[in-house]
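Turn these sequences into a full structure, and let the hints guide you.
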Amino acid sequence: MSSNKASRIGEEIWKTRIDKVNTELVTLTYGTIVVQLCKDYDNDYEEVNKQLDKMGYNIGLRLIEDYLAKSNTMKRCTSFRETADMIAKVGFKIFLNITPQVTNWTNDNNQFSLVFDENPFADFVELPDDGRAQDELWYSNILCGVLRGALEMVQMQVEAHFISDVLKGNDTTEMRVSLLRYIDDELPPEDD
Amino acid sequence: MSYYFAIVGTQDAPLFEYEFGTSKQGHDGLSRFSDQVRHLNQFILHSSLDIAEEVQWAHGSMYLKCIDKFFDNYISCFVTGANVKFLLLHHPLNNTGGSGSRSSTAIGANPTSPATEEAIKLFFQEVYENWVKAVMSPFYQNNMEVKSPVFRQRVAAAGRKYL
Amino acid sequence: MVVYSFYIFDRHTECIYARSWLPQSLSQHHSSAPLQPSTASDDAKLIFGTVFSLRNMVRKLGGEDDAFISYRTGNYKMHFYETPANLRFVMLTDTGTMSMRNVLHQIYINLWVEYVVKNPLAPVEHKNGAGVKNELFELGLDQFIRGLM
Chain A
1 MSSNKASRIG EEIWKTRIDK VNTELVTLTY GTIVVQLCKD YDNDYEEVNK
51 QLDKMGYNIG LRLIEDYLAK SNTMKRCTSF RETADMIAKV GFKIFLNITP
101 QVTNWTNDNN QFSLVFDENP FADFVELPDD GRAQDELWYS NILCGVLRGA
151 LEMVQMQVEA HFISDVLKGN DTTEMRVSLL RYIDDELPPE DD
Chain B
1 MSYYFAIVGT QDAPLFEYEF GTSKQGHDGL SRFSDQVRHL NQFILHSSLD
51 IAEEVQWAHG SMYLKCIDKF FDNYISCFVT GANVKFLLLH HPLNNTGGSG
101 SRSSTAIGAN PTSPATEEAI KLFFQEVYEN WVKAVMSPFY QNNMEVKSPV
151 FRQRVAAAGR KYL
Chain C
1 MVVYSFYIFD RHTECIYARS WLPQSLSQHH SSAPLQPSTA SDDAKLIFGT
51 VFSLRNMVRK LGGEDDAFIS YRTGNYKMHF YETPANLRFV MLTDTGTMSM
101 RNVLHQIYIN LWVEYVVKNP LAPVEHKNGA GVKNELFELG LDQFIRGLM
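Residue numbers (the UniProt record's numbering), protein chains in the order written: chain A, 1 to 192; chain B, 1 to 163; chain C, 1 to 149.
Take these hints with a grain of salt, some might be off.
[Unchecked claim] Taking beta-carbon pairs under 8 angstroms as the criterion, some of the chain B residues facing chain A (in silico):
1. K133
2. M136
3. S137
4. P138
5. F139
6. S148
7. V150
8. R152
For the record, the hints were derived by calculation from the structure and aren't laboratory data.
Given the structure is predicted, the values throughout are model-derived calculations rather than measurements.
Note that beta-carbon positions come from the ideal geometry of N, C-alpha and C, so glycine has one too.
In structure tokens, the structure reads:
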């Protein structure tokens with residue numbers, strides 16, 4: 001599927017089939033979760049990243065079904081490049097109304113970056129100036145987990161992590177996604 | 001014209017302070033408070049809190065205009081819906097030296113004139129908008145001192161723009 | 001049109017939901033009876049074995065994107081729909097029924113996703129059918145199927 005078509009689909013679903021919710025509600029809810037995790041784990045940001053990723057993973061496992069239902073997807077993507085386009089232009093579009101850019105492909109087409117020009121999760125956010133959060137906390141790390149969980153359900157094992165974040169003073173917010181392998185169909189247990 | 005701006009939380013503790021001077025008519029935006037006056041400013045502002053609390057209920061709006069005067073120090077106040085007070089102490093330049101004739105038309109030369117009131121209102125409004133953004137940060141807790149450099153920059157920008 | 005039974009299999013090949021509707025004449029008093037437990041699980045296994053083999057054969061012959069939609073015997077017609085997340089919906093009907101692929105797709109979109117996936121208390125993995133048998137899903141399914149008949 002061409003990436004133009006993906007944009008059109010995303011746009012169409014966003015307009016017709018999505019219940020909208022106030023952005024601030026999302027932003028503040030997500031912010032509260034992150035802050036609570038920071039408290040619960042005593043500002044162990046490594047652990048907070050891990051927990052966010054885990055939460056995202058559990059969301060992704062479910063969210064993929066909603067994505068498939070809303071987008072009326074009947075077929076698998078034919079390539080990882082197509083998958084990337086669908087994630088950016090349909091997935092992110094219908095759930096967050098943003099369209100990150102897909103760039104920085106490796107030659108083997110197994111790794112790409114999502115560059116976020118906007119990120120509703122991070123509106124208003126300023127990381128705490130305790131000298132560590134700026135280096136260690138990946139504020140929107142939940143998104144990595146979401147992708148990992150969602151793609152696992154459609155038989156792609158991926159690894160995703162942020163490599164830059166405007167909250168940390170970087171110029172862009174960029175997530176790196178790598179395809180590790182395609183997961184085989186599970187077979188029914190042998191009857192004895 | 002020198003300004004001392006403070007944000008006071010609901011527990012009467014200062015959350016933010018910023019001192020600046022006028023940028024209008026070629027001024028450099030630096031305050032001209034002497035060291036002796038400087039720490040008096042805090043007392044003056046603090047003492048006007050009582051008045052602010054009286055006046056805030058009589059007013060329908062958040063902007064309470066000039067609520068207090070202590071010698072040559074005028075205090076304007078803005079109360080947010082969450083009862084956080086923005087206090088601006090403005091101190092007109094002494095009419096000394098060559099700038100006397102010019103500063104007579106400057107904003108704040110007459111601290112209670114409508115033009116000054118309007119300028120301060122605009123300043124407060126812009127600060128308020130940015131204040132809302134600053135306290136929307138999930139890492140900010142109620143009545144916590146605002147240390148955000150971004151917020152400070154924006155207050156400074158608002159000061160430059162209107163005052 | 002008569003619907004005999006309906007099955008859902010998850011990506012771990014487990015049957016996570018089974019439901020049968022007895023023919024109208026038999027079901028006047030007890031409208032929908034669950035399958036007998038012993039035979040039901042055997043049936044489910046057989047059915048899964050059948051659709052899984054067929055699906056794989058079809059893919060070998062027609063390419064990865066090909067999917068089989070139904071097959072028919074002298075007694076019944078089996079309809080199959082698989083989502084990209086490897087959730088498989090199977091329905092047995094009488095032989096005269098038209099394609100039920102769209103019906104299965106609707107069940108997935110309007111019932112499965114809405115009432116099972118979006119129920120935050122339902123588990124993600126439906127071991128032994130956990131979380132599938134909730135009132136909204138079952139009621140919705142029953143109404144939907146009866147509406148077709």
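Going through the hints against the structure:
1. Given the 8 angstroms rule on beta carbons, the hint for K133 (chain B) holds: about 5 angstroms separates it from the nearest Cβ of chain A.
2. The restraint placing M136 (chain B) at the interface with chain A holds, with a minimum CB-CB distance near 4 angstroms, inside the 8 angstroms limit.
3. The criterion of a C-beta within 8 angstroms of any C-beta in chain A is met by S137 (chain B), whose closest approach is roughly 5 angstroms, and the hint holds.
4. With a cut of 8 angstroms, the hint placing P138 (chain B) at the interface with chain A holds, because the nearest CB-to-CB distance is about 3 angstroms.
5. The closest approach between the C-beta of F139 (chain B) and any C-beta of chain A is roughly 5 angstroms, which is under the 8 angstroms cut-off, so the hint is satisfied.
6. Below 8 angstroms, beta-carbon pairs count as interface contacts, and S148 (chain B) has one with chain A at about 5 angstroms; its hint therefore holds.
7. Interface hint status for V150 (chain B): upheld, as the beta-carbon distance to the closest one in chain A is roughly 6 angstroms, under 8 angstroms.
8. For the restraint placing R152 (chain B) at the interface with chain A, the shortest Cβ-Cβ distance is roughly 12 angstroms, beyond the 8 angstroms limit, so the hint is violated.
Consistency with the previously given hints fails for number 8 only.
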